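S.K.: Residues per chain, in single letters:
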Amino acid sequence: MAWNTNLHWRLPITCLVLQAAMVVLFGVFVRYDIHADVHWWYERNRKNLSNMENEFYYRYPSFQDVHAMVFVGFGFLMTFLQRYGFGAVGFNFLLAAFGIQWALLMQGWLHHFEGKHIYLGIEGLINADFCVASSCVAFGAVLGKVSPVQLLIMTFFQVTLFSVNEYIVLNLLKAKDAGGSMTIHTFGAYFGLTVTWILYRRNLEQSKQRQSSVYHSDLFAMIGTLFLWMYWPSFNSAISNHGDSQHRAVLNTYCSLAASVLTSVAVSSAVHKRGKLDMVHIQNATLAGGVGVGTAAEMMLMPYGALIVGFFCGLFSTLGFVYLTVASWVP
Amino acid sequence: MAWNTNLHWRLPITCLVLQAAMVVLFGVFVRYDIHADVHWWYERNRKNLSNMENEFYYRYPSFQDVHAMVFVGFGFLMTFLQRYGFGAVGFNFLLAAFGIQWALLMQGWLHHFEGKHIYLGIEGLINADFCVASSCVAFGAVLGKVSPVQLLIMTFFQVTLFSVNEYIVLNLLKAKDAGGSMTIHTFGAYFGLTVTWILYRRNLEQSKQRQSSVYHSDLFAMIGTLFLWMYWPSFNSAISNHGDSQHRAVLNTYCSLAASVLTSVAVSSAVHKRGKLDMVHIQNATLAGGVGVGTAAEMMLMPYGALIVGFFCGLFSTLGFVYLTVASWVP
Amino acid sequence: MAWNTNLHWRLPITCLVLQAAMVVLFGVFVRYDIHADVHWWYERNRKNLSNMENEFYYRYPSFQDVHAMVFVGFGFLMTFLQRYGFGAVGFNFLLAAFGIQWALLMQGWLHHFEGKHIYLGIEGLINADFCVASSCVAFGAVLGKVSPVQLLIMTFFQVTLFSVNEYIVLNLLKAKDAGGSMTIHTFGAYFGLTVTWILYRRNLEQSKQRQSSVYHSDLFAMIGTLFLWMYWPSFNSAISNHGDSQHRAVLNTYCSLAASVLTSVAVSSAVHKRGKLDMVHIQNATLAGGVGVGTAAEMMLMPYGALIVGFFCGLFSTLGFVYLTVASWVP
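Chains as they are written, first to last, in my numbering: chain H, 1 to 331; chain G, 1001 to 1331; chain P, 2001 to 2331.
Hints are computed from structural coordinates only; laboratory data are not their basis. There could be a bad hint or two in this list.
Claimed, not checked - To be clear about the criterion: a stretch of chain P counts as covered by chain H if any three or more of its residues have a C-beta under 8 Å from a C-beta of chain H, and this derived list gives those stretches:
(1) 2050 to 2061
(2) 2244 to 2252
(3) 2268 to 2274
Small disclaimer: the values here were computed from a predicted structure and weren't measured. By construction, the Cβ of each residue, glycine as well, lies at the ideal position given by its N, Cα and C atoms.
My request is simple: use the sequences and hints to build the entire structure.
M.R.: Set out below in structure tokens:
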């Protein structure tokens, strides 16, 4: 990449301008939610609550898992294109650090805008991570082909569209779900995941660099895969209703993920001419179990229902990846 | 490995048959526990509980740590046999994904079978991870020597035996512990760990591949070691009684683990002819502190009691590893 | 390193003597805190609390994140000096395992000594991890230049000084903060971090090995960076007051960290002659956002206030690193 004197200043200026804009917009719009404000003390007395009832304790462990998925999971998943190992992790870091700030604003304006302010709490951080997860996947499609500046711009538009889509489904189409559950919120996430996954996987297929994937790259990529797989139950349950809904979302996602591993191994081995396993299939399809059960994770699917979802997600995701040359299909 | 046309279909068919069997058995037997069921609402009103009293919030952070130990910890621990780096992580993933499903059924039938159903909740997931941890250790003994199909069959039998042994100790020998604590549950785990660790370490000693361990393999293996070491307090406390028992199990395990690091470094350095450290000793013995304190972790050992356990576990584990050529001994 | 017969025994004897001393001192001084003692039952009945009100459930998820920062975060951060990859992780493990035990005693004597005993609970473990974090940073400054024995001695003195400094600020200067919050406790941590970071970074600059940093080392170091960055909100909130304070400390740290990524990328790219990014800048400066907001993390900074802190921390930290040849400056 040739950088002339002008180009040289593009990245620094883009970063500083975006960050300065964030500071100003946060200054004007963002305040603490009642659970993160010193007025929590009044709220707590008024409702006769324990500090343990602060939203923080219901959400924080799940939030940290989702945060790890975005930064370690998606970051390292991309490293299997060996040439872009450090770039994958580093650029993912940059785009996610910008994306979460912009997502807090966009989602705040569209969903949590009361009076003149956005009220920020732990649930806001989780929603921002969900939104950025879709940008991380899209990043995979363009890895090695775009500059950091282009990445930041892409993230800006993706986060904007994601939030607007979320608004249309939730507020204009009135597709409200009784319990205020995550079903609609995650629809947007999986819409983004699906669209970009298509682009992402096709691109990998065509990519010359794929062939240069080597031993160590595979192990680094497995770090990404495992962190995504392990923490997906947190992803699907992070903003579920308190109590049994959050509990059930974890059980269902866990079952679906376990089932998708076996069926994707089956298909991967069946299509390989010498019965070997293709690591890319495993990475692709095992995660399909988490995506597939996502929107319905907190419903009364029953454990066997979740296994069936995972069974078919692993099956079709791997078959789709192998046989659909135009695009791979993720249920 | 030569795969003829017949062999080619062995892995796909094994995976699909096992997974289909799981779907059917889950369909017949597994239902949600009251804490994960929509009826939680009635339970909660009846007992006048907060949602925060749902078992989920007592267990979930520990569960995720144990889950990380099984998939990242054991997976990467095995990578120090450089030739099997990706295989180690990938096959560990496959056997664990199958093992947890089968363990949910076996442990459910033997311990949580009420009326006609197994009632599944977060504690069931933790117990399944415990059971599979013993399979992961056994896997280390046969790494590079067995096919994925053989691994799945081995896991099937190991999980079955583990659960039956657990049943004999707990229900037939009536070795109940007052608080319904983890002491008996973990006995089974450590029984499995001990038996297979013997096989595992001897095998490594003899293995030609050991010598080919290189710089990067060591670092990947350290990822495994550290995740096991860090999260062992969660492993030992995950199903302890609520409150002080769970708290105490963490303190004791933490102390024991810290002590075992120093004594195993001492022995490793003393036996090396130039005083250097052998990474395999460190990995073996530091974990001994967690295993050693396991069954008694929630008792009133006192912090110095836990340190003494760790002291001797690190000492004898490393000495045993070095001098017992027949088998290494893990307390 | 030439080890004669005498030297050969230095490390084993140092380890065993230190560990034996810890056992004796713990035996004399350390007992369980009421939240980890069987007497919790009486406490709970007396105050009519739920088990969920046990300090354990307020602190444990944050504790495990801080623990991961010390062992995985700092351990892997050091691996970018390629020659010392395994040594970095392994020696960090050794010094931290000793350091936490000594810190429990020193901090216990100076802050939690009631009657004749130190009462140990989950908050003690977190404070010990904080103290050891400063030793880990100091370790970076001497990596590859000291033996394990010297490291243990260095850790012994650093933990001692850290605790004494903490005592002077808190108890002699009477700099108490109303809520019993973390502001003072962390002052000590950041004092240590600041002093040693200076030494640490200058050393890296001068180090010949720096040039040998290669692809895989960078990826291993990114594991360290990401675990530190992701879990810094837990670090800054781990011993905050229950409820809104802990919640707010997380929000503020999260905002500050996100902002510091963009400004440090800006500076790193601006000073590079071809506009590229230097990974060492990213690692240094992104963490500055967490350090910078530390002491004030639980105050009513407002999200934009936290962004401003992160903005300037990333900016000055990277500029300082580049232009101050005497020492790099961390706010």
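S.K.: Confirm or reject each hint.
M.R.: Tested hints:
no.: 1; hint: 2050 to 2061; verdict: holds (count 6)
no.: 2; hint: 2244 to 2252; verdict: holds (count 6)
no.: 3; hint: 2268 to 2274; verdict: holds (count 3)
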